[in-house]
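Participant: Please work from the sequences and hints to get the whole structure.
FYI, numbering that gives the first Met the number 0 numbers position 84 of the sequence shown as 83, with every residue one higher than the one before it.
Keep in mind that the hints were calculated from the coordinates and are not lab data. Where is the CB? At the ideal position from N, CA and C, for every residue including glycine. A portion of the hints provided could be inaccurate.
What the hints assert, rightly or not - With beta-carbon atoms standing in for the labels, derived distance ranges:
(1) 10 with 84: 33 to 39 Å
(2) 86 with 10: 33 to 39 Å
(3) 83 with 53: 30 to 36 Å
(4) 54 with 83: 29 to 35 Å
(5) 93 with 46: 17 to 23 Å
(6) 16 with 80: 31 to 37 Å
(7) 51 with 83: 27 to 33 Å
(8) 24 with 46: 15 to 21 Å
(9) 86 with 53: 28 to 34 Å
(10) 65 with 98: 18 to 24 Å
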Amino acid sequence: MYRTMISDAASGLLSGSKLSLAVRRLGGWTENGWWEAVISRPEDIEELMAGALIDGTHLTFDDRADLMAWLSSVGATPSEPIPLHWQDLAGFTCAVALQNDREPRPQLA
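Facilitator: Here it is as structure tokens:
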């Protein structure tokens with residue numbers, strides 16, 4: 000399901016463009032807060048997070064390991080390392096590449 004939604008978002012990209020991953024804090028003031036991650040076209044990130052658009056996909060999570068597992072399961076490889084510290088995770092944005100289903104998916108730590 001997630002993979003199909005991401006592929007739909009990628010179908011609207013111009014040649015040479017990449018999808019983006021963005022992470023935002025939803026609530027909580029400690030490491031144990033709530034987070035949302037989205038993968039979509041860069042210009043659609045805010046609308047997707049606001050629920051005004053469906054071209055892309057999102058994950059609500061409370062542990063960095065959940066984010067890493069989700070990225071691996073949908074075959075999305077971030078262009079930059081995912082921050083280790085929750086303070087650095089808030090507002091994190093980078094390009095993502097989608098792995099071909101026939102290619103092995105990298106293991107994210």
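Participant: Run every hint past the structure and note whether it holds.
Facilitator: To see whether the hints hold, each was checked on the structure:
Restraint check, residue 10 to residue 84: a C-beta distance of roughly 35 Å satisfies the suggested window 33 to 39 Å. Separation of residue 86 from residue 10 is about 35 Å and conforms to the stated range, judged on CB atoms against 33 to 39 Å. At about 31 Å, the CB distance of residue 83 to residue 53 agrees with the hint of 30 to 36 Å. In this structure, residue 54 and residue 83 meet the distance hint of 29 to 35 Å, their C-beta atoms being roughly 30 Å apart.
Distance hint check for residue 93 and residue 46: the Cβ-Cβ separation is about 19 Å, which falls inside the suggested range of 17 to 23 Å. Between residue 16 and residue 80 the CB atoms are about 22 Å apart, so this pair departs from the stated range of 31 to 37 Å. Taken as a hint, the range 27 to 33 Å holds for the pair residue 51 and residue 83, whose Cβ atoms sit roughly 32 Å apart. Checking the proposed 15 to 21 Å range against residue 24 and residue 46 shows it holds: the Cβ atoms sit about 19 Å from each other.
Between residue 86 and residue 53 the CB atoms are about 31 Å apart, so this pair conforms to the stated range of 28 to 34 Å. Checked against the hint of 18 to 24 Å, the pair residue 65 and residue 98 passes, with Cβ atoms roughly 19 Å apart.
Comparing the model with each earlier hint shows a violation of hint 6 alone; every other hint is respected.
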